[in-house]
Amino acid sequence: MFKYQKIKPCRNPKYLDFIRALPCGCGCGAPPPSDPHHVRRSFWGAGTGIRPHDYVTVPRARKCHQAAEGRDEYYLLH
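In this note's numbering, the protein residues as written are 34 to 111.
There's no promise every hint is true.
To be verified - Estimated spans, in silico, between C-beta atoms of each pair:
no., residue 1, residue 2, range
1, Pro64, Lys36, 38 to 48 Å
2, Arg95, Arg73, 11 to 21 Å
3, Cys43, Pro64, 19 to 29 Å
4, Cys61, Ile83, 44 to 54 Å
5, Glu102, Leu55, 13 to 23 Å
6, Asp50, Arg73, 20 to 30 Å
7, Ala100, Lys36, 32 to 42 Å
8, Pro65, Lys36, 38 to 48 Å
9, Arg84, Ala54, 12 to 22 Å
10, Lys41, Cys61, 30 to 40 Å
These are computed hints drawn from the structure, not numbers from a lab.
Note that the Cβ used here is the ideal one computed from N, Cα and C, for glycine as well.
Required output: the full structure, derived from the provided sequences and hints.
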């Protein structure tokens, strides 16, 4: 039986600062600063209580980020 090695998510504070400097990516047109929203997929390193890599973030305005929490990630990406 094979065991999968647990992937340690990559963290990069400078990249998150770059994401914060972008306008909201959902199409609402909100100007920066934005919140970095981590897109949760198990193959990107996410798990129960574990944020995925910092490189799979999208910029979201605060109101859009709060609305996105708890929704299906597929809905957010399409």
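Do the hints match the structure? See the list:
1. Pro64 to Lys36: 38 to 48 Å: holds, 47 Å
2. Arg95 to Arg73: 11 to 21 Å: For Arg73 against Arg95, whose Cβ atoms are near 19 Å apart, the range 11 to 21 Å holds.
3. Cys43 to Pro64: 19 to 29 Å: holds, 28 Å
4. Cys61 to Ile83: 44 to 54 Å: violated, 28 Å
5. Glu102 to Leu55: 13 to 23 Å: holds, 19 Å
6. Asp50 to Arg73: 20 to 30 Å: Once the Cβ atoms are compared, 21 Å apart, the range 20 to 30 Å for Arg73 and Asp50 holds.
7. Ala100 to Lys36: 32 to 42 Å: holds, 38 Å
8. Pro65 to Lys36: 38 to 48 Å: Given range 38 to 48 Å: holds, Cβ gap about 43 Å.
9. Arg84 to Ala54: 12 to 22 Å: holds, 20 Å
10. Lys41 to Cys61: 30 to 40 Å: Hint holds: Cβ distance 34 Å, inside 30 to 40 Å.
Hint 4 from the earlier list is the only one contradicted by this structure; the remaining hints agree with it.
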